[in-house]
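Knowing the structure of chain D, use the given hints to seat chain E on it.
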Amino acid sequence: MSRFSKPILLVALCCASAAAFAFDNYGIGRQATPAEVKAWDIDVRADFKGLPKGSGNVQKGNDLFEEKCASCHGSFGESNEVFTPLVGGTTKDDIKNGRVGGFVTGDIPQRTTFTKVATISTVWDYIYRAMPWTAPKSLKPDDVYAILAYFLNLAEIVPEDFTLSDQNIAEVQKKMPNRNGMTTDHGMWPGAPASKGGIGNGGKPDVKNVACMKNCKSEVQIGSTLPDYARTAHGELADQNRSFGPVRGTRTLGQGAVTAAPAVDPNMELATKNGCMACHGVNNKIVGPGYAEVVARYKDQPDAESRLTAKVKNGGQGVWGSIPMPPNGHLADEDIKTLVKWILSGAK
Amino acid sequence: MSDLDKQPGRVRPAPENFLTEEQIREVAAGRRNFLRRSLMAAGAAMAAPLAARAADGDPAILQLPEWSTTLGQPVAARPYGMPSKYESQLLRRESPGLARVGGASVSFCPLQGLFGIITPSGLHFERHHQGWHEVDPARHRLMVNASDPAFLKKPKVYTMDDLMRLPPVSRIHFIECGANTGLEWGNVAVPTVQYTHGMLSCSEFTGVPLKTLLEDCGVDYKKARYVLAEGADGSSMTRTIPMEMVENGEVFVAYGMNGEMLRPENGYPLRLVVPGVQGVSWVKWLRRIEVGDKPYATKDEAVHYIDLMPDGMHRQYTSIQECKSVITTPSGGQTLLNKGFYNVSGVAWSGRGRIKQVDVSFDGGINWQTARIEGPVQNKALTRFNIGWKWDGKPAILQSRAIDETGYVQPTYGQLRKVRGTKSIYHNNAIQSWKVVESGEITNVQVL
Numbered sequence: 001m002s003r004f005s006k007p008i009l010l011v012a013l014c015c016a017s018a019a020a021f022a023f024d025n026y027g028i029g030r031q032a033t034p035a036e037v038k039a040w041d042i043d044v045r046a047d048f049k050g051l052p053k054g055s056g057n058v059q060k061g062n063d064l065f066e067e068k069c070a071s072c073h074g075s076f077g078e079s080n081e082v083f084t085p086l087v088g089g090t091t092k093d094d095i096k097n098g099r100v101g102g103f104v105t106g107d108i109p110q111r112t113t114f115t116k117v118a119t120i121s122t123v124w125d126y127i128y129r130a131m132p133w134t135a136p137k138s139l140k141p142d143d144v145y146a147i148l149a150y151f152l153n154l155a156e157i158v159p160e161d162f163t164l165s166d167q168n169i170a171e172v173q174k175k176m177p178n179r180n181g182m183t184t185d186h187g188m189w190p191g192a193p194a195s196k197g198g199i200g201n202g203g204k205p206d207v208k209n210v211a212c213m214k215n216c217k218s219e220v221q222i223g224s225t226l227p228d229y230a231r232t233a234h235g236e237l238a239d240q241n242r243s244f245g246p247v248r249g250t251r252t253l254g255q256g257a258v259t260a261a262p263a264v265d266p267n268m269e270l271a272t273k274n275g276c277m278a279c280h281g282v283n284n285k286i287v288g289p290g291y292a293e294v295v296a297r298y299k300d301q302p303d304a305e306s307r308l309t310a311k312v313k314n315g316g317q318g319v320w321g322s323i324p325m326p327p328n329g330h331l332a333d334e335d336i337k338t339l340v341k342w343i344l345s346g347a348k
Numbered sequence: 349m350s351d352l353d354k355q356p357g358r359v360r361p362a363p364e365n366f367l368t369e370e371q372i373r374e375v376a377a378g379r380r381n382f383l384r385r386s387l388m389a390a391g392a393a394m395a396a397p398l399a400a401r402a403a404d405g406d407p408a409i410l411q412l413p414e415w416s417t418t419l420g421q422p423v424a425a426r427p428y429g430m431p432s433k434y435e436s437q438l439l440r441r442e443s444p445g446l447a448r449v450g451g452a453s454v455s456f457c458p459l460q461g462l463f464g465i466i467t468p469s470g471l472h473f474e475r476h477h478q479g480w481h482e483v484d485p486a487r488h489r490l491m492v493n494a495s496d497p498a499f500l501k502k503p504k505v506y507t508m509d510d511l512m513r514l515p516p517v518s519r520i521h522f523i524e525c526g527a528n529t530g531l532e533w534g535n536v537a538v539p540t541v542q543y544t545h546g547m548l549s550c551s552e553f554t555g556v557p558l559k560t561l562l563e564d565c566g567v568d569y570k571k572a573r574y575v576l577a578e579g580a581d582g583s584s585m586t587r588t589i590p591m592e593m594v595e596n597g598e599v600f601v602a603y604g605m606n607g608e609m610l611r612p613e614n615g616y617p618l619r620l621v622v623p624g625v626q627g628v629s630w631v632k633w634l635r636r637i638e639v640g641d642k643p644y645a646t647k648d649e650a651v652h653y654i655d656l657m658p659d660g661m662h663r664q665y666t667s668i669q670e671c672k673s674v675i676t677t678p679s680g681g682q683t684l685l686n687k688g689f690y691n692v693s694g695v696a697w698s699g700r701g702r703i704k705q706v707d708v709s710f711d712g713g714i715n716w717q718t719a720r721i722e723g724p725v726q727n728k729a730l731t732r733f734n735i736g737w738k739w740d741g742k743p744a745i746l747q748s749r750a751i752d753e754t755g756y757v758q759p760t761y762g763q764l765r766k767v768r769g770t771k772s773i774y775h776n777n778a779i780q781s782w783k784v785v786e787s788g789e790i791t792n793v794q795v796l
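Here the protein sequences line up with chains D and E, keeping their order.
Under our numbering, the first residue of the first sequence carries the number 1, and numbering increases by one thereafter.
Under our numbering, the first residue of the second sequence carries the number 349, and numbering increases by one thereafter.
So here's chain D without its partners, still in its complex pose (with noise of 0.2 Å):
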């Protein structure tokens, strides 16, 4: 704006159309071509705005989520291993009244997808968006339609035989078991209220308090203190707080002083930067088995380097269990090579 002369500047705030004068006023940038939209806009708002046309049924999302997501979610969704869970703690009632029971009596064990979420095209967005989790955007909208058809059936929303699609989603949403579990009356939307087409209550805070000066109470109630086993969870604090200065970190594990930053081992990084680290713990198993179990296993084999480079590069099952390792097609081979021989060497 300013670089407007005044006259202009005035024109544009008592027509309050200053857009007018500002659109394609640099000459920088280029039309979008209606193929460039098409493939980036993949948004799905929850009036089903943008939604792909398709289908898909319980049986084929069943068979789709077992290849492609149960490694992670478990096979009805249900894992806390990777993320919390997906599908589980909604009931028949809550089905008919759109509000989870759980979350009104406030005992609910464990918050899932499903509990929480009210509108079903905020889970057909982020599959179609975002998973799976290795492999984001690689699966076609029928298969997103077939996912969450199962996981529908799985929450008994759906039979078994249902095939669920852009037809009858809006059906299906009628009965999302938290669908009346929102409430937008707070004063937490930095946008126009409500009452002027916005949302909420236009900024109104919700919590009060007054700023006493002196004699404010007449004790100090202590609600909460650091459990024990908090004060040692965090490591060493010694080591997280600078050695000079008006201060020192609290010595927690009273070991010797260990003030060297931890060295970022080359090959950890590799392995952290690939993706390798969200299966695989170096001593603990995630989705697939830690790096001292697989030293452990392979240690007097010769070839096992040789085997386990392929096998990564091309993925597998059935060694340490039904899940498979997805393919590693993404890494040079150079680099898979370089890890198979870290982890062989007692990865750190």
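Source of the hints: derived by calculation from the structure; they are not laboratory data.
Misleading hints may appear alongside valid ones.
[Stated by the list, open to error] Some chain E residues flagged as far from chain D (calculated, every beta-carbon gap over 12 Å):
(1) Thr417
(2) Gly429
(3) Ala486
(4) Val492
(5) Asp641
(6) Ile721
(7) Val725
[Stated by the list, open to error] Straight line, CA to CA, 30 Å or less: simulated DSBU-like cross-link-like pairs of lysine-lysine:
(8) D:Lys174 to E:Lys571
(9) D:Lys208 to E:Lys771
(10) D:Lys273 to D:Lys285
[Stated by the list, open to error] Some chain E residues near chain D, calculated using beta-carbon distances under 7 Å:
(11) Arg663
(12) Ser667
(13) Pro678
(14) Asn715
(15) Val793
C-beta atoms are modelled at their ideal positions from N, C-alpha and C, and glycine is treated no differently.
Chain E only, in chain D's frame:
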């Protein structure tokens, strides 16, 4: 040494620095004589006998250090400068047990050792949903389109070349995750300010007001009242932004951070800046802006970042980070060296504007004193406060309470829980308390 030993709340000035681990264990086991012997030995080993040291003065003065007597490193020995090797303690850290995989996790900013209001870029907190990438700026694009063609005359594509030619703004703003302090809704859970408040950072951001771009595309403000921002990463994070914040010029697409380009972890080469609003809306690796006539109910505003209230309803589209403050030094997990003077320092911020006042209490909130604010105080930015304190060696509870320009006063835990219960996860802005005991150790407590 013996003088210090008698004072309550003393910390022996770091014998760890020159004792072996075994010797330290012996000291910890209570063998004080051993400590004295080994201090002598350590002194002897350093050429000057301990006795002589005490009589003549400080060996740090009397024996010239090598940096005074030898040649130092040339310019550009480190073409990109790094912190001193003595600064290895202050790092971003994860909180164990918080997230299961590193690609969908948080690393916390070490507030306990930072000064002023600007967060060093390398210590800016991180929250990723699907890992971070090195996005190639030459192949990065920003698309602006509309949910309905009637809302925008011309959907456009901008390259980084385009964006960096447009007139920029540079502004200092805080960014705080909506879940900051979320672990503490029900009870004390974590030991230090890094983990209680470390999903908080503040930087100078540089970029182009979104208003400029939307007007360049010919937006119809009357019809398009909402904006969807979308990332280019695997999660393609999406969030709804109110058009009012775009129209008033506050929201901008940033490429610069603290004088250089954004760091990859923070959205290189382009992220949205939504001042005063929780971090999740500051979409990183920003690839697309859509204008529309309705909010979007995206995953991170319909499954997460919804605040569970005591009546079982979830508040949706809670976005503003309300007024909050915390004392960063001294704070939980630290120990005071001995009795006497301390500068008590912390930060205050508000998503509704400027900080007006910060009060500090040393007695758990019975009496308060107004702290000194380091100016200039900026809109929706961290504000540093300082206040002097003479510790008498007795137990104390330190608190800070911020007031913003709307007159809103940061609430106590009791006040906050009365309205919102303990299960909300998000938007915990309660007054933080740090308890000091005679030994000088400071721990996290909650005062109601």
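Hint check:
| no. | hint | in the structure |
| --- | --- | --- |
| 1 | Thr417 | holds, 22 Å |
| 2 | Gly429 | holds, 16 Å |
| 3 | Ala486 | holds, 16 Å |
| 4 | Val492 | violated, 8 Å |
| 5 | Asp641 | violated, 9 Å |
| 6 | Ile721 | holds, 15 Å |
| 7 | Val725 | holds, 17 Å |
| 8 | D:Lys174 to E:Lys571 | holds, 28 Å |
| 9 | D:Lys208 to E:Lys771 | holds, 19 Å |
| 10 | D:Lys273 to D:Lys285 | holds, 19 Å |
| 11 | Arg663 | holds, 5 Å |
| 12 | Ser667 | holds, 6 Å |
| 13 | Pro678 | holds, 5 Å |
| 14 | Asn715 | holds, 6 Å |
| 15 | Val793 | holds, 5 Å |
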